[in-house]
Amino acid sequence: AAGVIQSPRHLIKEKRETATLKCYPIPRHDTVYWYQQGPGQDPQFLISFYEKMQSDKGSIPDRFSAQQFSDYHSELNMSSLELGDSALYFCASRGTSGRSYQETQYFGPGTRLLVL
Amino acid sequence: AQSVAQPEDQVNVAEGNPLTVKCTYSVSGNPYLFWYVQYPNRGLQFLLKYITGDNLVKGSYGFEAEFNKSQTSFHLKKPSALVSDSALYFCAVRDMSRGSTLGRLYFGRGTQLTVWP
Numbered sequence: 001a002a003g004v005i006q007s008p009r010h011l012i013k014e015k016r017e018t019a020t021l022k023c024y025p026i027p028r029h030d031t032v033y034w035y036q037q038g039p040g041q042d043p044q045f046l047i048s049f050y051e052k053m054q055s056d057k058g059s060i061p062d063r064f065s066a067q068q069f070s071d072y073h074s075e076l077n078m079s080s081l082e083l084g085d086s087a088l089y090f091c092a093s094r095g096t097s098g099r100s101y102q103e104t105q106y107f108g109p110g111t112r113l114l115v116l
Numbered sequence: 001a002q003s004v005a006q007p008e009d010q011v012n013v014a015e016g017n018p019l020t021v022k023c024t025y026s027v028s029g030n031p032y033l034f035w036y037v038q039y040p041n042r043g044l045q046f047l048l049k050y051i052t053g054d055n056l057v058k059g060s061y062g063f064e065a066e067f068n069k070s071q072t073s074f075h076l077k078k079p080s081a082l083v084s085d086s087a088l089y090f091c092a093v094r095d096m097s098r099g100s101t102l103g104r105l106y107f108g109r110g111t112q113l114t115v116w117p
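Keeping their order, the protein sequence lines are chains Y and G.
For the first sequence, my numbering begins at 1 and goes up steadily by one.
For the second sequence, my numbering begins at 1 and goes up steadily by one.
What the hints contain is simulated information worked out from the structure, not anything from laboratory work.
Some clues are possibly wrong.
[Said to hold, decoys possible] If you only want the chain G side, here are some residues facing chain Y, beta carbon under 7 Å, derived: (1) G43; (2) L44; (3) L82; (4) L102; (5) F107; (6) G110.
Glycine is no exception: its CB is placed at the ideal position from the N, C-alpha and C atoms.
Bound conformation, chain G alone (with noise of 0.2 Å):
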């Protein structure tokens, strides 16, 4: 089966700093990872994805997110946190038990960011 956690429930940021959203995955097979963000009364915005490749993949807003098949963690990172980046962001995987090209996605619990001013 697959899941994802996300260990932190929060992280604070000052404004400037650099931000980590840390996420772990549990998967059969080749996993296929996304981030999605979503801000308040809002839908999920699709941030980046992890499907083959380079480890570091670079996404939307100035994320990127570092794969690490040795410790099965796909972090999100962005090197100075914006006061606008706060919200809460799920890391997701792709279901691949079956080899379904279709498959649903896993979600993790979800971190809220918060980067003060």
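For reference, chain Y alone in the conformation it holds in the complex (with noise of 0.2 Å):
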């Protein structure tokens, strides 16, 4: 079964630098969720959308932007990167409509952000 992707896996880049973090979800997905993962913590919510529109925002810096596009993929955009953004990025996707309706979100494997 098709899982969700993102791009890049691994990406490294010095401070003060922009990063572009994709998500595709499952299809038949309209929700998208990101989360953070810091060196041995537990993932925290940033922000996710649901049809093309922010529907929950948590701990997430305002250097960061996301947004989710017509296909229902989302990109997560990081501006002025710090050191302490190193981390494990994940995205997640769900079904909320109609027959796609489920309650699990399944994880993408993740983008290892490095900043030097």
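Assemble the dimeric complex from its two separately framed chains, guided by the hints.
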């Protein structure tokens, strides 16, 4: 079965640079969630989108922004990167409408970001 | 507010023995509970969930979890552990604070399971 796709899988950036992470949800999933997992930490919710609209916002820095496009893929844009942004960034998708409705969020493999 | 606690950072068990990974929760209203497993350098894989119904939930790879409302617990169990079960296990609860069906997940700190051959 198709899974959540994230790209790139690994990314190395310098401080103050920008980064864009991409997430392609499971087909027919309309809701996308972004989580950040620091070293040795549990995943922390950043932001979510439903039908291209922001549905919830967590501990996402103002330097970060995200959006969901008409094909339901999502991008997390990160600017003025700091050393503390080094983490594993997960995207999860879920079907929340009609016959695609389910309770479970399915996670992608993550993008490992290293800021030097 | 929703939260989960995993009281053990590490659980060690011999192969073939039963294993239990503990999770307790705090929610307002009925809990939606999940277990995920994370292998090194991999994403979070869904194991099982409790939404409603039977308190004993069966999931992937022979895992099961028991929902106990009076003890606010959702412990993960497996009758016979395998070395390949060694991984990081996360318990999670879905945010229902606003009655939203789109709620974020709140994760526990994770429990590292090591199964010795």
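Consistency of the hints with the structure:
1. G43: holds (4 Å)
2. L44: holds (4 Å)
3. L82: With a minimum Cβ separation of about 22 Å from chain Y (threshold 7 Å), the hint on G/L82 is violated.
4. L102: Because about 5 Å separates G/L102 from the closest Cβ in chain Y, which is inside the 7 Å limit, the hint holds.
5. F107: It holds, given that the least Cβ distance between G/F107 and chain Y is near 4 Å, below 7 Å.
6. G110: holds (6 Å)
Checked against the numbered hints above, the structure violates only hint 3.
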